[in-house]
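The opening residue of the sequence shown carries number 1 in the numbering used here; numbering runs sequentially from there.
Derived by calculation from the structure, the hints in this document are not laboratory data.
Be careful, since some hints might not be right.
Stated by the list, open to error - Within a straight-line C-alpha distance of at most 25 Å, the following computed DSS-like cross-link-like pairs (lysine-lysine) qualify: (1) K285 - K405; (2) K206 - K248; (3) K428 - K244; (4) K118 - K248; (5) K285 - K221; (6) K302 - K50.
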Amino acid sequence: MQIKDIPKLFHIAAFLFLLVFNLFACIARAQHITAAENYGRNRAGVVMVKTQLSAIVNVSQLQINNRAFNTLVDSISRLTTDNTSLNSGQKLDIVINRFRDNADKYFKSTLNYFRYAKEITSTGTGFFFRGDGYVLTNCHVVDESDSYIRRRLISSVFRQVTASNIEAIENSWQVNFSETQRDVLADAFAGIYSRILPISLDSIKKSIFVVVGSDEEGSYKRELPAEIIVKGSSMPGKDVAILKVAGKGPHPTITMLEEEKVRVGERVFVYGYPETVTNNEFLSKSTALEPTLTNGIVSAWKQTILNWPVIQMDANINHGSSGGPVCNEEGKVVGMTTFGSLEMRTGALAAGFNFAIPVSVLKEFFKLAGVEPEESSISRRFNEALSHFNAEYYRKALAIFREVKQQYPSYPGIAGYIEDCELNIRNKKDKEPGSRLYLLLLIVVVLAVTALVMWLNVKKRS
């Protein structure tokens, strides 16, 4: 071989290097799963977190002070004598405005109390990170302050009582109030119940449930009682809570990313139960526990005012999405959905400017709880079956799916995979494991033969 042939050999070596590099790059990219595969793996580990607040609410029965009321009516009658242009609606406006401005004069309490058994429910999102029943969610989903809880319960009863009081006055006076007049009376009752006759609460109780989807016949959900193991505090605090459900499991889990950071520009997938979907009147309750999947990119890394990191992303979220997992293209959790941004003019959520708590912060709470994330045995087997399914090895996948269903009959979505496997087998679409390995070996052989031929040609010319 002559010196002039060295560049040719260099080009051949470079060509073969690029071929091998591209081959391994393709294999590396194969670790990035599709959005459908991402959902298939993680859907079962996403849960709805429901917080129920209940109390006995005591409301004093009101009575109109007839003497003061009759005096008011007489004064309006005298006003009408001097100015006959007042119609009945205007007279009513005067009465209602006087009620609002001097509520303590025209209403008095009685010794009677109404007692209301009141319950209010709020929902958010969470996910299992261990098979023995540990769930991650936001603190604000499960642990608001006592004053906030009292306000919510009292506000709920106040609306009910006010509507009842206004209806009673309408029936007594045989009138129909306009919306404006109703609003004025509502202000009057707000003053009464805040200053004169405060509403009181007894037997306040909070219950937390982790609601999981179910594939069992006749049931689309199961509600598992849960308790708070550790918690942070609502934003701007570290808005994290770890729950533990009753029972042993195993439960489907979502795998956590071990590395500290995701890079700006990386694609992310966000799971949750946004209220706009959960409470949509046109949607069946039977699919309420089918989590919503949105996607976007990591837009930036930011610091909170308390100097801890958050991930900014443009994936859509809404009320109810809080506590949901944010996953990368490998299907692993990189953070937890926590808060959005508000439009300055309207106060509404600003689309595309949302934030998640990263794994580095979540790890602090794992340490406090004395637990570490761990893929459950049932998820490991399911994901193995799912890999076979996506590779079109339907017989192999079917055997494992059936095994999973036997161990966990309510595993969300598994019935559909079993049906699809059986259908594809009947339609002769099943492939044998190893066919892709043969293809890879064939590529390697072709590359080797190509290299040999090119080398022989160079040697022959030399």
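Comparing the hints with the structure gives:
Pair hint K285 plus K405 holds up; C-alpha atoms about 23 Å apart against a cutoff of 25 Å. Taken as a hint, the K206 and K248 pair is honoured in the structure, with Cα atoms around 23 Å apart against an allowance of 25 Å. For the proposed pair K428 and K244, the alpha carbon gap of about 45 Å is over 25 Å, so the pair is violated. Pair hint K118 plus K248 does not hold up; C-alpha atoms about 32 Å apart against a cutoff of 25 Å.
Note on K285 and K221: the hinted pairing holds, with a Cα-Cα distance of about 10 Å set against a maximum of 25 Å. Straight-line distance between C-alpha atoms of K302 and K50 comes to about 30 Å, which puts the hinted pair past the 25 Å bound.
Violated hints, listed in ascending order, are 3, 4, 6; each of the other numbered hints is respected by the structure.
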